[in-house]
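Chains as they are written, first to last, in my numbering: chain A, 56 to 370; chain B, 15 to 442; chain C, 835 to 1114.
No lab work stands behind these hints: they were computed from the structure.
Incorrect hints may appear among the rest.
[Stated by the list, open to error] List time: in silico DSS-like cross-link candidates among lysine-lysine, alpha-carbon distance up to 30 Å: (1) K890(C) to K87(B); (2) K320(A) to K176(B); (3) K1004(C) to K365(A).
[Stated by the list, open to error] If you want a taste of the chain A side facing chain C, the calculated C-beta under 8 Å gives, among others: (4) G89; (5) V97; (6) L100; (7) V128; (8) P193; (9) M348.
For each residue, glycine too, the CB sits at the ideal point set by N, CA and C.
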Amino acid sequence: MYLKLKERANIPKLEKSKKYNTMKSKKINDYFWGYLMILPTVGGLTIFYIYPFFKTLFYSFTDLGTFGEYSIVGISNYIRLFSDTEVWMSLKNTLMFTIISVPISIFLSIVVATLLNSKIKGLTIYRTLYFLPAVTMPAAIAMVWKWLYNYDYGLINYILSKFGIEKIYWVSDPKIALYSIIAISVWSSVGYNMVIFLAGIQNISSTYYEAAAIDGANSINQFFKITIPLLTPTIFFVMVMSLIGAFQVFDYIFMIIGTSNPALKNTQSVVYLFYRSAFELGEKGYASAIAIMLFVIIMLITIVQLKLQKKWVNY
Amino acid sequence: MKSKKILYLLLVLILLSTFLSGCRTKDTSSDQSQKDKNKIATLSYAVWDKNQEPVMRKLAEEFEKTHPNVKIKVQLTPFRQYWTKLETEANGENVPDVFWIQGPRFQKYAKAKLLMPLTDRIKKDNIDLNNYPQSLIDLYTYKNDIYAIPKDWDTTALWYNKKIFDDAKVPYPTDSWTWDDLRAAAKKLTDKSKGIYGIAAPQEDQQGYYNTIPQCGGFIISEDGTTSGYDKPESIEGIKCWIDLIKDGSSPTSKQLADTQPSNLFESGKLAMVFQGSWMIPEFTKNEYLKDKVDLVVMPKIKKRVAVIHGLGNAIYSKTKHPDEAWEFVKYLGSKEANEIVAKSGVVIPAYKSVLQIFIDANKGYNVKAYVDELEYSYMYPHSVDTAKWNQIELKYFTQVWNFQMSPEDACKKIAEEMNEVLRNEKK
Amino acid sequence: MKKDVHKFKLNYSKILVHLILILGVIFTITPFLWMILTSFKTLTESTMIPPIIIPKRFCFENYKDAVSTLPFLTFYKNTIISTIAKTVGQVILCSMAAYSFARIEFPGRDIIFILILSVLMVPGQIFLLPQYIIIKKLGLLNTIGALILPGLFSAFGTFLLRQFFMTIPKELEEAAILDGCNHFRIYWNIMMPLAKPGLTALAIFTALWSWNDLLWPLIVNTSNEKMTLSAGLASLQGQHLTNFPVLMAGSVLAIWPMIVLYIIFQKSFVEGIALTGTKG
Chain A
56 MYLKLKERAN IPKLEKSKKY NTMKSKKIND YFWGYLMILP TVGGLTIFYI
106 YPFFKTLFYS FTDLGTFGEY SIVGISNYIR LFSDTEVWMS LKNTLMFTII
156 SVPISIFLSI VVATLLNSKI KGLTIYRTLY FLPAVTMPAA IAMVWKWLYN
206 YDYGLINYIL SKFGIEKIYW VSDPKIALYS IIAISVWSSV GYNMVIFLAG
256 IQNISSTYYE AAAIDGANSI NQFFKITIPL LTPTIFFVMV MSLIGAFQVF
306 DYIFMIIGTS NPALKNTQSV VYLFYRSAFE LGEKGYASAI AIMLFVIIML
356 ITIVQLKLQK KWVNY
Chain B
15 MKSKKILYLL LVLILLSTFL SGCRTKDTSS DQSQKDKNKI ATLSYAVWDK
65 NQEPVMRKLA EEFEKTHPNV KIKVQLTPFR QYWTKLETEA NGENVPDVFW
115 IQGPRFQKYA KAKLLMPLTD RIKKDNIDLN NYPQSLIDLY TYKNDIYAIP
165 KDWDTTALWY NKKIFDDAKV PYPTDSWTWD DLRAAAKKLT DKSKGIYGIA
215 APQEDQQGYY NTIPQCGGFI ISEDGTTSGY DKPESIEGIK CWIDLIKDGS
265 SPTSKQLADT QPSNLFESGK LAMVFQGSWM IPEFTKNEYL KDKVDLVVMP
315 KIKKRVAVIH GLGNAIYSKT KHPDEAWEFV KYLGSKEANE IVAKSGVVIP
365 AYKSVLQIFI DANKGYNVKA YVDELEYSYM YPHSVDTAKW NQIELKYFTQ
415 VWNFQMSPED ACKKIAEEMN EVLRNEKK
Chain C
835 MKKDVHKFKL NYSKILVHLI LILGVIFTIT PFLWMILTSF KTLTESTMIP
885 PIIIPKRFCF ENYKDAVSTL PFLTFYKNTI ISTIAKTVGQ VILCSMAAYS
935 FARIEFPGRD IIFILILSVL MVPGQIFLLP QYIIIKKLGL LNTIGALILP
985 GLFSAFGTFL LRQFFMTIPK ELEEAAILDG CNHFRIYWNI MMPLAKPGLT
1035 ALAIFTALWS WNDLLWPLIV NTSNEKMTLS AGLASLQGQH LTNFPVLMAG
1085 SVLAIWPMIV LYIIFQKSFV EGIALTGTKG
């Protein structure tokens, strides 16, 4: 298939370029390849993701229940959204989670990735150890952390007590629980992001560093003057993805904060609320409206980022 | 270059094999329809409890022995994903032929016509429903039709740690205890210097206020399922009695209990007494630390003796391709013979009344009879079509009560208001 | 003389680097140590207060239990097949689309790209039901194909690789364009080798997601013969009770192949340095 494609496209193109060599034929050629190369991915995404997305958009105007029965209710789901205090609370929690966890995680991952790019011994071991959280199933992670956070016999409170610090309700104090979840999220995402940053750092040509070293720049200077600026496309990518991921935070909250936990109100995220509405309460129409609301928010933030990227991302 | 070509080839091969394997399954399914003509029916049986899976497989095997024309496939899905899966399958009209159902979801499934009504078949095959607890038959009846045969049941009893009682020189709980006895004993047993509490007062329904509310003379939902009973003063009493235990300092706070479950505290010897459902029997009796130190009694009496009972049922998918075979299987699962096998496993209390003695004998050394004794005054687990919706309301307000952010009176009033609203919408 | 000073400074900073890294490692692996220790405890030991940190006797029963109650070999097989298929498929399909989005200009490019990005912005759970119905219509329920198919297409992967392609200097292709190479050849012969670190990163991510994916395998597949590791492990969690030591043992058994895979893949990172180092 690969060969055939090549032949089919190659021969007419070569002839054309010989005969006319105009911009027009290049354009047509570009269009052909442009569309052909995105076709499989765009086709698959359309069937499995974009079409379901539009279906959800439709359902957000219905009262779809558990078993597929529905009638159209206009915008009443959206009106309900605005007056639902739980929605506002969950938005606030999600926003807090995002604003705190994303910058910390990105900063730490860049630092770790940079350090792991230096020529020191034991790199393989370090890289593997830092990667461990990423390979572990969320269910197992949640359980282990629940243990570490436990008030009565958790390791963290045990260590704190050695320093004479009073025990803390890490996951059931409404004022603290969200930060505890943020810590888990940072812990599990540093390994992830590190992989991307490591790949990005290694894309930076070593000649830059050699030139800088000749100019006498120290490693901290090199980090800020070379690594960071040249890494901006990667940082941009990680930031966009992390923000999207953070706005959809669900797993750890779902598994750690039980339904009768006093901190539920202060930790419940938008997707948690969506999940409860769709799968526990069987209000799939309303849940669709929540999903669409979240989509619009993320969309706006992403567009802002795409617009702003020209100001700080170096391609 | 070579390696890339190999990679490419590999992809094509994998994709091909994917679609081929897809085709193959299609073939087998058409094979199956061929076999259908030869009268071999394959039934899928969906369950969610890992601990019960071996017993369910055994039952399936026993059934296959006497019914060579039927094959049973037991499908285990963890509880958290079970309902999501079932609902997705229901939308695709591809639900397992036979599956477990629980009280809070039952009416919703019956109303959506996902369950096959069994009343006529029960009559035709002369099945005596008196073999099962009446409250469970009521639980699985919707608009005069019964939709599931009870499989098992559970009630709640008071477990206690004899060692803690001995150390504090407090006499063990008895059948004749009242709530006041419990409260007084819990106070005496609490020893904060050792981190020991007399009892746990968690925010729980089946193991908690669903028992105490009717014990005080209140109710959760009226018998006709139209109104909430939370605004009754008796119902409020049934909430207060738990809060009192926390105020006394005889129970850990709700924050602490959110961190460490009562059963966990009990297992590590930090709780003298705990209310636990009958599903905990194997857990406690197998625990090496606990097994020689614990026993249980019926729940203490408040104004009267009441216990909430819940049980699972075996239901049949209304659109199953093999309704007769599925019914035969469900009938077998509800038979005395099958219930005996369940009883011997000691994992759950079987629904069939006359085999209960086998279950009691299977747990020698412990007074598991307490659970059975409560059967006599048990009442049906409160539910309606949208049980999940008002369960969320209960949760929302009671969390505030348990954390002293709202008085029980205010919370119960709010719950009653919002719950009545849900119940009114159900009838629409 | 100058050289010596430089060397000394380097060693000093190396120690600092090690110190920081070790501190991070402690933070990172403590939960794992706890997990591994728990997998060797008896059920009773695991519920004690205060906790028993090191079990009295390392008991392997939990591992035996996990292996005997779940068909691990089948799980490994299914998980590996679906992971490889998804990874190879995504790397090829996404890189192709990403090249097109990054390098070729065609009408509607940005709109299509934004449409793809928008897929990432909705909670994944909404795709569950429509995807299930498509798989059912294709007759793929209860097959490995059902596990793989929706995972072959990735908006994330396309976005990731597009960003990577954009960091690669255009000069390299210009020569090829002048030579009359078509886009597919530029993509395959020039971009792919250059984008190795990015492709590796995507491969790792896809593998990870596939490995840890829980809900989808549970929904489309019913029998253990077609189940994956994480979905199979989830069945160890009961409604009321969970045997934590067995679950932890199962988790340990599920993690190690990914760690081995990662160690193998690391090498291609190093190769990536060599490539960009010489050509860039």
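Problem set entry | Restraint check for K320(A) with K176(B), where alpha carbons must lie at most 30 Å apart | 39 Å, violated
Exercise. Holds or violated: is there a CB of chain C closer than 8 Å to the CB of L100(A)?
Worked result: Holds: closest Cβ of chain C sits about 5 Å from L100(A), inside 8 Å.
Exercise. Is the shortest C-beta separation between V97(A) and chain C less than 8 Å?
Worked result: Holds - the Cβ of V97(A) comes within 8 Å of chain C, reaching about 6 Å at its closest.
Exercise. Does V128(A) pass the interface hint, meaning its C-beta sits closer than 8 Å to a C-beta of chain C?
Worked result: Since the shortest Cβ distance to chain C is 18 Å, the answer is violated.
For this session: Measure nothing beyond the straight line between the CA atoms of K890(C) and K87(B); if it is 30 Å or shorter, mark the hint as holding.
Result: Violated, because 41 Å separates the two Cα atoms, which is more than 30 Å.
Exercise. Hey, does the G89(A) contact hint survive, CB to chain C under 8 Å?
Worked result: 3 Å, holds
Problem set entry | Satisfaction of the M348(A) interface hint, Cβ to chain C closer than 8 Å | 10 Å, violated
For this session: Mind checking the CB of P193(A) against every CB in chain C and telling me if the closest is under 8 Å?
Result: Holds - the Cβ of P193(A) comes within 8 Å of chain C, reaching about 7 Å at its closest.
Problem set entry | 30 Å Cα cutoff - pair K1004(C), K365(A) | 18 Å, holds
When each numbered hint is compared with the structure, violations occur for hints 1, 2, 7 and 9.
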